[in-house]
Amino acid sequence: MLPDRVIRHGRVEPDLWKFVGVGEEPVPAALPPGPIAVPLAAWKERRADLVARREPVGVWLAPADDPVEIADDLAELSLVAVHFPKFADGRGYSTAVLLRTRYGWRGELRAFGDVGRDQLDELTRTGFDSFSLAPHRDPEAALASLKPFKRPYQGGVDDPAPLFRKRFTTGAAR
Amino acid sequence: MYKYDAYDQALVDERVAQFRDQTRRYLAGELTDDEFRPLRLRNGLYIQRHAPMLRVAIPYGLLASRQLRKLASIAREFDRGYGHFSTRQNLQYNWPKLETVPEILAQLATVEMHAIQTSGNCVRNITTDHFAGVAPDEIVDPRPFAEILRQWSTFHPEFNWLPRKFKIAVNAATEDRTALLLHDIGLQLLKNDAGEVGIRVVVGGGMGRTPIIGHVINEFVPWRHMLTYVEAILRVYNRYGRRDNIYKARIKILVKSLGPEPFAREVDEEWTAFSQDSPSIITDEELARVSAHFVAPAYQKLPDVDPHHVQSLADSRAFKRWAERNVHPHRVPGYAAVTLSLKKTGVPPGDATAEQMEQVADMAERYSFGELRVSHEQNLILADVRKRDLFAVWLAAKAAGFATPNVGLLTNIISCPGGDFCSLANAKSIPIAEAIQRRFDDLDYLHDIGELDLNISGCMNSCGHHHVGHIGILGVDKNGAEWYQVSIGGRQGNHAALGDVIGPSFAAADMPDVVERLIETYLDQRHEDELFVDTVHRLGIAPFKQRVYAGKELAHAA
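Protein sequences, first through last, are from chains A and B.
Here the numbering used here is used: the first residue of the first sequence is 1, the next is one more, and so on.
Here the numbering used here is used: the first residue of the second sequence is 1, the next is one more, and so on.
Any given hint could be a false lead.
Unchecked claim - Partial pick of chain A residues on the chain B-facing surface, computed with a CB cut under 8 Å:
| id | residue |
| --- | --- |
| 1 | G90 |
| 2 | Y93 |
| 3 | D118 |
No lab work stands behind these hints, which were simulated from the structure alone.
Every residue, glycine too, gets a C-beta built ideally from N, C-alpha and C.
Please take these sequences and the hints and turn them into a complete structure.
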């Protein structure tokens, strides 16, 4: 079960999305009403049906899924999500970077699964803008961990210029 | 050396606050053991056999006297009065308490130090040549590049949860002193025919249970693209490295399974896709800014031959012997680099007490511009000593217990902490090192044997670099008992090679005999001026093996 609240654009909000096909659960033949996010395989098989519903549709990617597989479909999607079955599996960070910087995804990019507040900084900086934390986690408390580092060294998706390109433009360091 | 500005300092301070909060949440039961473990590991904190172990980063092995004094005072206040210098140029405390670690980190931050990414499946401390900036064979100074890499890899958001740990070494001299070919990435700085600086990139080397010599995947990456190229390698690894088996998760396994050339093509394709206009292309201004931190100290203009030094060499045989082994050439006339040995018999290799750290800090201030280095051979180095001061440095080193004249010799043993401390170890390493040092305590004999690297690891993780020891010793566990497997013929440097195992493993008590028989074989068979390792490569392991296993039966495991 996914929690019913998400962190979106720095606030806790009710989640309008239904995720199907997560874990062992099969994708139901009759899709529920409202916005739904389906796994990559279901999107590829049932794309015509999903588009015909005339409701927002999203795709969620597993760690091993290659985002290039939806690169040409992005215009039809209202959400792309990346599943973190275990928080220590970091493939999803590269998935996000590629979606944002190579394939041009500008819509909502959601991290869900075994996600905790201590990953929010990295997730934000690789381009995620909404977070569905593991169910036992308190999203309100997690807001305190959104930005632990004011000016990180590297560029990120949220701010591409690395610090070394700013040290000379923001005036004296001290 | 690199001095923090307000940006650098803020990042380290913010990290202390973040870890303080994580520790608080763990102690309050808000984080489980499984959740806290990778968070604390990213700050170098292990839970060990007796207590937590905290690994403090010493970026590319460079330390200022005031930093070493702080390390000494932390050892006194929070530990048992000593620390252990590791083979990755870091310092480990073996007895801190978990609750005090945030405070230790706060104290480290006051001297521009931290424990960031000294463990965990992320990019670890960048290592380089311990003679960087002073080596006569240096092509360019590697330290600005190592610092730029340090900053890039610190809290890199995409690469903080890699399949496995990731070690990068930078070498910039003609001789490799970094074990470059045995790193996840080895960066060799060089100049092309046009005099432009670039990087030969080696990938997929490593020790551990599958030792592999790295492969060159690019002969010349322009220096401005150091970060973009490393980013491309890490993206390929992060996406395709194995995550199903911890023993197959290092990049070397990915490079091996794809093959070095297909791997290189993957990297190239990725690199081409984003690098042309990447903001991570290093600017001239940034290289100049960082390089300004590593300008040469105020060397005096001195004759290269110092009469006082020459006289001392003639007067004292002991000093001469020390100078032969522990004093190294310097690119500036009249100066030398000095190794302070942490390999005194009876002391665990790499260990230093708080008092010794303070003594070294004083010596560095008095004789070497207030800076020193940690070598991957677990010694300390004063890089800028006037030749006329060498005798005084020797006297001070002798008084403090660092003058063992054994650099490059058999008793300069590299050893991990082993089963006495480490919960991963299969067997003890320190008592084996000590028993061998005691057997070879005759200095004339030791010098006659000549250059010999003897490396000991307490388990397959090979923190003691046994694969590249001329003699390598590996602790193994057989049915709950500690045994030692011996290999010979390994070496580091430009012609790095992995040793070959000579046969069944031995009991601890027999290890000095085993080493002695290897040495006797060498002394009988060597050509003039031939090192032990060269004799092994010329003859193969057979005569050594025969001698060790013949004659008096040594107890060995089947």
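Verification of the hints:
1. G90: holds (3 Å)
2. Y93: holds (5 Å)
3. D118: holds (6 Å)
Of the numbered hints stated above, none is contradicted by the structure.
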